[in-house]
Every structure is written in C-alpha cells, then in structure tokens.
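With the hints as your guide, set chain U onto chain E.
Number of protein chains: 2
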Amino acid sequence: MNIETAYFKQKALITGGMGFIGSNLARRLVELGADVTILDNFDPDTGANSFNIADIHGQVRIVQADISDEAGLKDAVEGQKYLFNLAGQMSHVGSMQDPFKDLNDNAVGQLKLLDVCRKTNPKISIVFAGTRQVYGRPKYLPVDEKHLLAPLDNNGVSKRAGEMYHIVYHHVHDMATCVLRMTNTYGPRMRIKDDRLTFIGWWVRQLLDGDEIQIYGDGSQVRDLNYVDDVVHALLLCACNPIARGKIYNVGGEPVSLLNLARQMIDIYGSGKYAIVSFPENRKRIDIGDYYGDYSLIHSEVGWQPRISLRDGIQKLMDFYVQNKEHYL
Amino acid sequence: MNIETAYFKQKALITGGMGFIGSNLARRLVELGADVTILDNFDPDTGANSFNIADIHGQVRIVQADISDEAGLKDAVEGQKYLFNLAGQMSHVGSMQDPFKDLNDNAVGQLKLLDVCRKTNPKISIVFAGTRQVYGRPKYLPVDEKHLLAPLDNNGVSKRAGEMYHIVYHHVHDMATCVLRMTNTYGPRMRIKDDRLTFIGWWVRQLLDGDEIQIYGDGSQVRDLNYVDDVVHALLLCACNPIARGKIYNVGGEPVSLLNLARQMIDIYGSGKYAIVSFPENRKRIDIGDYYGDYSLIHSEVGWQPRISLRDGIQKLMDFYVQNKEHYL
Numbered sequence: 048m049n050i051e052t053a054y055f056k057q058k059a060l061i062t063g064g065m066g067f068i069g070s071n072l073a074r075r076l077v078e079l080g081a082d083v084t085i086l087d088n089f090d091p092d093t094g095a096n097s098f099n100i101a102d103i104h105g106q107v108r109i110v111q112a113d114i115s116d117e118a119g120l121k122d123a124v125e126g127q128k129y130l131f132n133l134a135g136q137m138s139h140v141g142s143m144q145d146p147f148k149d150l151n152d153n154a155v156g157q158l159k160l161l162d163v164c165r166k167t168n169p170k171i172s173i174v175f176a177g178t179r180q181v182y183g184r185p186k187y188l189p190v191d192e193k194h195l196l197a198p199l200d201n202n203g204v205s206k207r208a209g210e211m212y213h214i215v216y217h218h219v220h221d222m223a224t225c226v227l228r229m230t231n232t233y234g235p236r237m238r239i240k241d242d243r244l245t246f247i248g249w250w251v252r253q254l255l256d257g258d259e260i261q262i263y264g265d266g267s268q269v270r271d272l273n274y275v276d277d278v279v280h281a282l283l284l285c286a287c288n289p290i291a292r293g294k295i296y297n298v299g300g301e302p303v304s305l306l307n308l309a310r311q312m313i314d315i316y317g318s319g320k321y322a323i324v325s326f327p328e329n330r331k332r333i334d335i336g337d338y339y340g341d342y343s344l345i346h347s348e349v350g351w352q353p354r355i356s357l358r359d360g361i362q363k364l365m366d367f368y369v370q371n372k373e374h375y376l
Numbered sequence: 048m049n050i051e052t053a054y055f056k057q058k059a060l061i062t063g064g065m066g067f068i069g070s071n072l073a074r075r076l077v078e079l080g081a082d083v084t085i086l087d088n089f090d091p092d093t094g095a096n097s098f099n100i101a102d103i104h105g106q107v108r109i110v111q112a113d114i115s116d117e118a119g120l121k122d123a124v125e126g127q128k129y130l131f132n133l134a135g136q137m138s139h140v141g142s143m144q145d146p147f148k149d150l151n152d153n154a155v156g157q158l159k160l161l162d163v164c165r166k167t168n169p170k171i172s173i174v175f176a177g178t179r180q181v182y183g184r185p186k187y188l189p190v191d192e193k194h195l196l197a198p199l200d201n202n203g204v205s206k207r208a209g210e211m212y213h214i215v216y217h218h219v220h221d222m223a224t225c226v227l228r229m230t231n232t233y234g235p236r237m238r239i240k241d242d243r244l245t246f247i248g249w250w251v252r253q254l255l256d257g258d259e260i261q262i263y264g265d266g267s268q269v270r271d272l273n274y275v276d277d278v279v280h281a282l283l284l285c286a287c288n289p290i291a292r293g294k295i296y297n298v299g300g301e302p303v304s305l306l307n308l309a310r311q312m313i314d315i316y317g318s319g320k321y322a323i324v325s326f327p328e329n330r331k332r333i334d335i336g337d338y339y340g341d342y343s344l345i346h347s348e349v350g351w352q353p354r355i356s357l358r359d360g361i362q363k364l365m366d367f368y369v370q371n372k373e374h375y376l
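Residue numbers (the working numbering), protein chains in the order written: chain E, 48 to 376; chain U, 48 to 376.
Chain E on its own, in the form it takes in the complex (with noise of 0.2 angstroms):
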C-alpha cells in the first residue's frame, strides 16, 4: 500500500510522540494529512521535549497521560486505525539504576496497551519500536532476526518481554501488530542534555559545548546508525502493510567505527576533538562489541531500506542542533 494514501484523513496514534522519534513520526504524518494524537507521560528522562513539536503544536491532539493510565489510554485508543508505539523507558545505564521502573515501563505498561487496545480496539494496527540490544553481544555479523537473544542488561529483558507481547497478542488475539527492532537512529531532536540515552545525541552536545568526545573503549566497535527519517519511513510502511502482522524486523543501516563516526562528525560541524578513554565500569559490562544488522527481510517483505546517506544525515543533524541547540540543553 501506498503511505500517501495510506495515512491521507485517518486517525494515528503516537506513544511517546514528544520524544525523538515520535515527534519526527508525527510531523511526517501530519504532512500526509492523517489525524494525529500524541500520548506523552512528558517525562524529560525519556526524551520528551514540547519543543519537538513546537511547529505542529496547533495541527496535533495532545494527550498526557501515561501507557499504565488505564483511562487516559483507552480514550487516546478509540477509533484510532494505526497506533505507533514508541513510548517506552530506553536507557541501559538507567535500567541497571532501577531495574523496577524499566520492567513497569517496558513490560507492565505495554500489556497494560495491548489490552487496551484488545478490548477497546482489536482492529487497530500497531507498531512497536523494540531494540537490537534483545540480541546482546553477537555470535555473528551481520544479526539477523534468527540471531539468539541474550540481552546483557535489564533494559534488554524489559523490550524483550513488551515485543514478545505484541506478537502472542497477534498469534492468541489475532491483533494486527508488528516490531521493529531499532538499532542507533540519530537526527534532529533527539535528546542531548546527558549521555542518558544515545552516545550519539551525547557527542553532538560534547561538539557543541567544545568539549572532546570520548569514545569509550578503542574506538574500533562498529554500529549501524540510521536517520530518523528512514526509520519514521519504516514505521509508516509496516503499520499499513498486512504482510507486516506478527512479523518482527530489523532495521539497520550501514556499519561504521566509532572512530570514524567521531572524525566525520567533527569534519562535518567543522571543529572538534576526540579522546579514546577506557570504559567506566557501568557501561564496560553491559556494551555488546561490534553490532551491525541485516534488513534483508524488512527489504524483501516491506519494501525498507535506508535512503539518507551517514554523511548527509550527520549534516542534517549538526545544522539542526546549530540552530535550536538552546531547546536542548
């Protein structure tokens, strides 16, 4: 199906829509004229920032509430014919902090959804933003969907048991749903206040403070990092697409060093330094190595793959940041 017709006058939901990814998602489906509401516990620590969406404030519904409020949810949920579920307790460090707080995020609050949404509005078709970190360190290179899932830190178990839910509530209650697993996706308006969330969002806030980046470990791990249109677009194909239902889905993008992302962003803003430090132990413990993913089969299937460029997307992200940095700090 066709996102241009897809989305034209129907009614979305956005979990989490103040945060990152979200509020991009929610400015590119008010662009397709579709119907947009947010649902947003406006927790900072997640990334939520009305900043976000300042440009489409008075063309959004804005809900407060969070995915355990019972209430607030069932009437964000009625009559919504896609809902995009990106709410959600992300920091790895944070879940190790309070292990408690990550599972009723992550777990309690996405059955909590589901059952919402069972109950209130079985035919809506959902999206869920899960994580490769539910693979863990990998055995092998490219990860692949059939990959062994270790995850290494609480954050991993708490994603791992709300994607699981998406799809028994697909197999048992014959639920349109789907997942993503998200790898690093950068652009503008992710969060850069402190390194709680993504060393990339971290980095941009080191470059513009004029303080050094510091790559942890030797600089050699490799990541896949995707911009956030390409993962909004991958969002909008599988939420309309019934090939999608029940199916879980790598993203990914194309492998770089740490070292090498470090040196491009700095040639791309124009200064910068970098350090190589060792790993503080909280982090040494729970970092999974060289990770890459394959997206054969959200290619072959959906249709996906990424379309901007690591060096046009890191441009996109430092002139973004140059111009609004004072909404981030």
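Calculated directly from the structure, the hints in this document are not laboratory data. Watch out, some of these pointers could steer you wrong.
Sample of chain U residues at the chain E side, in silico, Cβ under 8 angstroms [said to hold, decoys possible]:
{"id": "1", "residue": "L150"}
{"id": "2", "residue": "D162"}
{"id": "3", "residue": "R165"}
{"id": "4", "residue": "L196"}
{"id": "5", "residue": "A197"}
{"id": "6", "residue": "L199"}
{"id": "7", "residue": "V219"}
{"id": "8", "residue": "V369"}
{"id": "9", "residue": "K372"}
{"id": "10", "residue": "E373"}
{"id": "11", "residue": "L376"}
With a cut-off of at most 30 angstroms between alpha-carbon atoms, the simulated DSS-like pairs for lysine-lysine come out as follows [as the list claims (entries may be wrong)]:
{"id": "12", "chain 1": "U", "residue 1": "K320", "chain 2": "E", "residue 2": "K294"}
{"id": "13", "chain 1": "E", "residue 1": "K331", "chain 2": "U", "residue 2": "K166"}
{"id": "14", "chain 1": "U", "residue 1": "K193", "chain 2": "U", "residue 2": "K294"}
{"id": "15", "chain 1": "U", "residue 1": "K148", "chain 2": "E", "residue 2": "K331"}
{"id": "16", "chain 1": "U", "residue 1": "K294", "chain 2": "E", "residue 2": "K331"}
{"id": "17", "chain 1": "U", "residue 1": "K148", "chain 2": "E", "residue 2": "K121"}
{"id": "18", "chain 1": "U", "residue 1": "K170", "chain 2": "U", "residue 2": "K56"}
{"id": "19", "chain 1": "U", "residue 1": "K331", "chain 2": "E", "residue 2": "K294"}
{"id": "20", "chain 1": "E", "residue 1": "K166", "chain 2": "U", "residue 2": "K331"}
{"id": "21", "chain 1": "E", "residue 1": "K186", "chain 2": "U", "residue 2": "K193"}
{"id": "22", "chain 1": "E", "residue 1": "K56", "chain 2": "E", "residue 2": "K121"}
{"id": "23", "chain 1": "U", "residue 1": "K56", "chain 2": "U", "residue 2": "K121"}
{"id": "24", "chain 1": "E", "residue 1": "K240", "chain 2": "E", "residue 2": "K372"}
{"id": "25", "chain 1": "U", "residue 1": "K121", "chain 2": "E", "residue 2": "K294"}
{"id": "26", "chain 1": "E", "residue 1": "K240", "chain 2": "E", "residue 2": "K363"}
{"id": "27", "chain 1": "U", "residue 1": "K331", "chain 2": "E", "residue 2": "K128"}
{"id": "28", "chain 1": "E", "residue 1": "K148", "chain 2": "E", "residue 2": "K121"}
{"id": "29", "chain 1": "U", "residue 1": "K331", "chain 2": "E", "residue 2": "K170"}
{"id": "30", "chain 1": "E", "residue 1": "K148", "chain 2": "U", "residue 2": "K56"}
{"id": "31", "chain 1": "E", "residue 1": "K193", "chain 2": "U", "residue 2": "K294"}
{"id": "32", "chain 1": "U", "residue 1": "K121", "chain 2": "U", "residue 2": "K170"}
{"id": "33", "chain 1": "E", "residue 1": "K193", "chain 2": "E", "residue 2": "K170"}
{"id": "34", "chain 1": "U", "residue 1": "K372", "chain 2": "E", "residue 2": "K148"}
{"id": "35", "chain 1": "U", "residue 1": "K372", "chain 2": "U", "residue 2": "K320"}
{"id": "36", "chain 1": "E", "residue 1": "K193", "chain 2": "U", "residue 2": "K331"}
{"id": "37", "chain 1": "U", "residue 1": "K170", "chain 2": "E", "residue 2": "K331"}
{"id": "38", "chain 1": "U", "residue 1": "K320", "chain 2": "E", "residue 2": "K186"}
{"id": "39", "chain 1": "E", "residue 1": "K148", "chain 2": "U", "residue 2": "K121"}
{"id": "40", "chain 1": "U", "residue 1": "K186", "chain 2": "E", "residue 2": "K294"}
From the three backbone atoms N, C-alpha and C, an ideal C-beta is built for every residue, glycine too.
Here is chain U on its own, set in the frame of chain E:
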C-alpha cells in the same frame, strides 16, 4: 562436586517449596542432610499443598511469604548457600485470563528476588526453574538451547523475562545463577485438582475418578516427560557446580506420543479409557505442537541425564495417587 557432600549441613532455600517439584526437592535435601527452608505463598492454584511435606514437616523451616514480599524474602535469603527458585505462575491458560498477575509473579517477583539476593546475599547459588514454553512451536526437533525463542502465550513471555533477569544478574552483578528449562515433569505430589496446570496431573485425576482421558488433537503430538526425581537431580547438580553459572540448560526425556502415554497410564493403572477430542479454542492457539528437548548440553557440562524410565515413573506416579488421592482433590 558430589551431591552427597555438597548439601550436607548446608543451608538451602526453596521458593515454591510447598509445590510439586519443590516439595520433592525438599525431601531429597533433607535426606542429604541439608538445612532446608521453604518459602511459599501457599497459593493452591500453583500446586502448594501442605500434604506435600507432611512427612518432613518437622525437618524443614517454612516461611509463608510471596517472592514479592521484600521483608520476608530478605529474612529467608540471609545466610543461605543455595536457592532453588521454583516459585511462579505456571498456568498457560491462567496467563491468558490474567496476564498482569502472571507478569507480576514471574517477572516483577523474580526481579525482586534477585535484587534482594544481590543486596543481602550476593554469593548465593541460584537455580531457576524455567520452561520449554519459551521456545514456542518448535522449528526442529529435538529442540536445543540455540532454538529461536517465540513463546505463544503470556506465560512464555513472563517466564522468559524471569530467566533473562537471572542471566543478566550473572553477567552484570557476578551472581551465581543458572536456568533449567523444564519440560513436562510428572510424579508424586503434582497437582491433580483440575486441568489448570499439567495435562498429566489431570489425566491421573480422570483415571482415578473412572472418567475418560480426553486427548486433545489427534493423539500423535509428541512430548518428553521427566520423572520428578530426575528433575530434582538436575537442580542439585546445577546449584553446586560452578560450570553451570550463567548457563541455560534444557532438561528432557524420552519422546512419547500423547496416545501412547495415555495407553501406558491405563495399562499400568489397570483400567481406564481415553477419547480423542478436538482442542478447546483457548488451548488450541497456545498449543506448541510436537516437542522434545535436546539435553546434551547439561549432560556434557554437568553430567545429568534422566535415569527413570517412563514405565517405572508412571508406576510410581499411579501408586502414589492410589494411596494418597484424598489429599489432592
């Protein structure tokens, strides 16, 4: 390490110790000269039954508490050398009726237990009772530990979260944890009250009552059964062996078709009849089809293999219930 010396005069805690496997383990530990504490919430739905430990009542300490009860747990965990972690919600159908209780018991409760151990007794050696339900419908047979994990019901999700937390606490906090993925365990002291837990328990009940055994499907489905003493032996071998730390092992046994099993049970009991009936709707969707496990990993690393033949096991099972039926109705 030798089981005879590993447990003599050592302190061992069994969560879920009033239940089927837990009470058989408690009896064996008492025989081995261990100092045994049982922690159990006495929820009869999980199989807790005071008759299960009637003959060793004075020889074990009993704490009535839930694993979510931090104070009770802390008390029970302190000073223990071993923890056999068998508490949990095991009903597949129950997990579909009340997914929140299932998640709370099997994920939140297990996380609390691990966190209490980390804080009060980080050297304790823990073996967790996992389940083959985490695999979902087998892609190949026998199923080894590398098999894809795609649970078909909520119970598979919550039990998987519980086992993942055990492994994460090993990697991140250096705790001595091990997971056994149980298959169909049978033997004296299993719950035969209704069809809520195991189909074997329910068949026993139907035989004893002179009712027809109802075999769902066409009777050709294959399962592997473990006599409870073999499972107890696996638990004891793993808790005292450092090789098992951070590991997940299948147990497993001889494959047998349900039809063949029913015939053997009737033959050994001396009377009875069976009927092949179609699946009830709530069970059909969560049925896993054929299953038997590959237990070569635990065999090679820990030296475990099943020792009791199906025929001998069924004989002991039926003998027990002929004698003790009234305590299990």
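Tell me the numbers of any earlier hints that the structure contravenes, in ascending order. Per hint list: 3, 8, 9, 10, 11, 12, 15, 25, 30, 34 and 38 violated.
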